[in-house]
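Asks: Here are the chains, one letter per residue:
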Amino acid sequence: MSETRPRTLFDKIWDDHVVERLEDETCLLYIDRHLVHEVTSPQAFEGLRAAGRKVHAPQSTIAVVDHNVPTSDRSQGIKEPESRLQVETLQENVLEFGVPFFDVLDRRQGIVHIIGPEQGISLPGMTIVCGDSHTSTHGAMGALAFGIGTSEVEHVLATQTLQQKPAKNMLVRVEGTLPPGCTAKDVVLAIIGKIGTAGGNGHVIEYAGSVIRALDMAGRLTVCNMSIEGGARAGLIAPDETTFNYIKGRPFAPKGEDFDRAVAYWRTLPSDPGAHYDTIVEMDGSEIAPMVTWGTNPEAVLPITGSVPNPEDTLDEAKRAQVQRMLEYMGLTAGMKLTDIPVDVVFIGSCTNARIEDLRAAAGVVRGRKVANTVRGLIVPGSGLVKKQAEDEGLDQIFLDAGFEWREAGCSMCLAMNPDKLMPGQRCASTSNRNFEGRQGQGGRTHLLSPAMAAAAAVTGHLTDIRELV
Amino acid sequence: MQAFTTLSAIAAPLPMANVDTDKIIPARFLKTIKRSGLGQYLFAGLRYDDAGGERPEFVLNQEPFRHAEILIAHENFGCGSSREHAPWALLDFGFRCVIAPSFADIFNNNSFKNGILPVAVPREVCDQLMEDAKLGANARITVDLGRQLVIRPSGQEIPFAVDHFRRHLLLNGLDDIGQTMQRTASIAGYESRRLVAKPWMPVIAV
Chain Y
128 MSETRPRTLF DKIWDDHVVE RLEDETCLLY IDRHLVHEVT SPQAFEGLRA
178 AGRKVHAPQS TIAVVDHNVP TSDRSQGIKE PESRLQVETL QENVLEFGVP
228 FFDVLDRRQG IVHIIGPEQG ISLPGMTIVC GDSHTSTHGA MGALAFGIGT
278 SEVEHVLATQ TLQQKPAKNM LVRVEGTLPP GCTAKDVVLA IIGKIGTAGG
328 NGHVIEYAGS VIRALDMAGR LTVCNMSIEG GARAGLIAPD ETTFNYIKGR
378 PFAPKGEDFD RAVAYWRTLP SDPGAHYDTI VEMDGSEIAP MVTWGTNPEA
428 VLPITGSVPN PEDTLDEAKR AQVQRMLEYM GLTAGMKLTD IPVDVVFIGS
478 CTNARIEDLR AAAGVVRGRK VANTVRGLIV PGSGLVKKQA EDEGLDQIFL
528 DAGFEWREAG CSMCLAMNPD KLMPGQRCAS TSNRNFEGRQ GQGGRTHLLS
578 PAMAAAAAVT GHLTDIRELV
Chain B
648 MQAFTTLSAI AAPLPMANVD TDKIIPARFL KTIKRSGLGQ YLFAGLRYDD
698 AGGERPEFVL NQEPFRHAEI LIAHENFGCG SSREHAPWAL LDFGFRCVIA
748 PSFADIFNNN SFKNGILPVA VPREVCDQLM EDAKLGANAR ITVDLGRQLV
798 IRPSGQEIPF AVDHFRRHLL LNGLDDIGQT MQRTASIAGY ESRRLVAKPW
848 MPVIAV
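Here the protein sequences come in this chain order: Y and B.
Numbering-wise (my numbering), the first sequence opens with residue 128 and increments by one.
Numbering-wise (my numbering), the second sequence opens with residue 648 and increments by one.
Hints are computed from structural coordinates only; laboratory data are not their basis.
Owing to the predicted nature of the structure, the values given are computational and were not obtained by experimental measurement.
There may be inaccurate statements among the hints.
Unchecked claim - Below, computed lysine to aspartate or glutamate pairings styled on EDC-like, alpha-carbon distance capped at 20 angstroms: (1) K845(B) x E518(Y); (2) K678(B) x D385(Y); (3) K845(B) x E209(Y); (4) K446(Y) x E771(B); (5) K181(Y) x E771(B).
Claimed, not checked - If we take Cβ atoms under 10 angstroms as the criterion, some of the chain Y residues that face chain B in the derived model are: (6) L155; (7) R180; (8) L212; (9) G247; (10) G276; (11) T277; (12) T288; (13) L429; (14) K548.
We put the beta carbon where it would ideally sit given N, CA and C, even for glycine.
Start from the sequences, fold in the hints, and give me the full structure.
Replies: Below, the structure is given as structure tokens:
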């Protein structure tokens, strides 16, 4: 029966990884790829050690340091003692347990969600986990990829499986054509604005429609990256020629005949006609405008042409209090135009938007312009290889000439675990994924937007409609 | 993991929706290689002022809520990051149960793994429980996992749903890694089949 029922992409990957059915609908699910970083793994390795267990499948595991690493010169090591201890702990753990590792000075080092696709480690049809909620990024490859906690990291290290219940299927279909100035970031911010931060809870989101099909892999990775901001643990995009062309020739991708056999399998993955979705959301891509967040969660988002909302316009009393608190934290006045909001810092980076395509988009806006003298601008490439590529293309010089800081790869000011952080009250236009209170530094204020919009804010000194600059 | 059967305790009301894990424990406190000792950083941004002093208006800085073991909040509790430091911080403070209308998926999972029971009940019920909780030490709320009931100080019983499998693990304090390791033959069987079905599957070696 199950072979004839039309299945979604998610159903197919799920069915293909069930080791054993446990109680209820809970399954023991096999994990193809486990990505490990220094923040959420120390207690998991410690658990293995205490129980005398080993890593079940080191050949399916890759570790990298990204959250704590400084993005300035690192030849002198890490100054901050706690960050250094966390990095050193991972270095010791990968040696002891035999886990493949990109260390801080490896040219392939970078943000875990940038390097997976870049290295060909993340492939269609796989199950991929990491102790990090933005693991949803890898769903752009057509893989079932989701974030887990440290206890589950330990479970995967020990057994290469997880005890999981299947999620519900949500289809988000974006048809039409994006207007000029709109990017993948604007699409996903618009989606979150529509479904809300909890809209995807309990679901895996499959993104489809002509707007999604037309995105390059960088754009698809950006969209899937922010699935978790809409509450969905995983986002998925069906693999197609764009995907296969991206994968071909990557260091850890299958080669030659193996590649052809893999592609033949990957072609079987897209959802069957008539497959069932529990929730369907339809959007018109031609109505999307460049987006920016004004509040302290990603659903507090509006087109750049809008104004800061007035709490009095909100009928629900609890929501009104929430909007009021957001405005107070963000230091904004109801009714002010978004384009009148000045910024102190511009951060272009993170697992959402630090790929070469993102840097090219930002450089395209910056070329021949200067960062406003009231603004500090940081460019933090997603990996050592992205940095190298950008330098080969001369993008670093464009950014440096404009007055940006050109930095080493890492998570950086997305969550401020390294020295890159906002000061209390500072306001940042950021290409990252979360605008929660204190996310980029205690008391810091975040506006999420696309790389081109961030670059525009850097040169004008305030939030800016990119369409007025190009 | 400590088993969870029944709990009668002081409950702290936190009437906020979308309490994200950055709010539960900010990233600057994640630089630890241990699970313990995080209770002091729980809700740091809400609990302490910029100089590190307690904000007296925050519920956990008030008696008797410093001793609360149940936390009551609004929708989508625990959204955002996957950091298990969030349940670790709650547990270290003394919380064994969070009651809210809904929970973010990863936080929900992480709680069960640490012996914290997330209880989802409708918003109106949460608001009633928050009113109960405000009465403080004389109005203990009881959570009975075996019978799947929240019992108000008035004696009113409110049923809640919980996944059967997770309930079993939590009631018995079972280590799920130990459970899975009894299935090594199944896993080895799957790996053999996978090798045949996907011979192209690359291995990672650097």
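Asks: So which hints don't hold here, by number, going up?
Replies: Of the numbered hints, 1, 2, 3, 5 and 13 do not hold.
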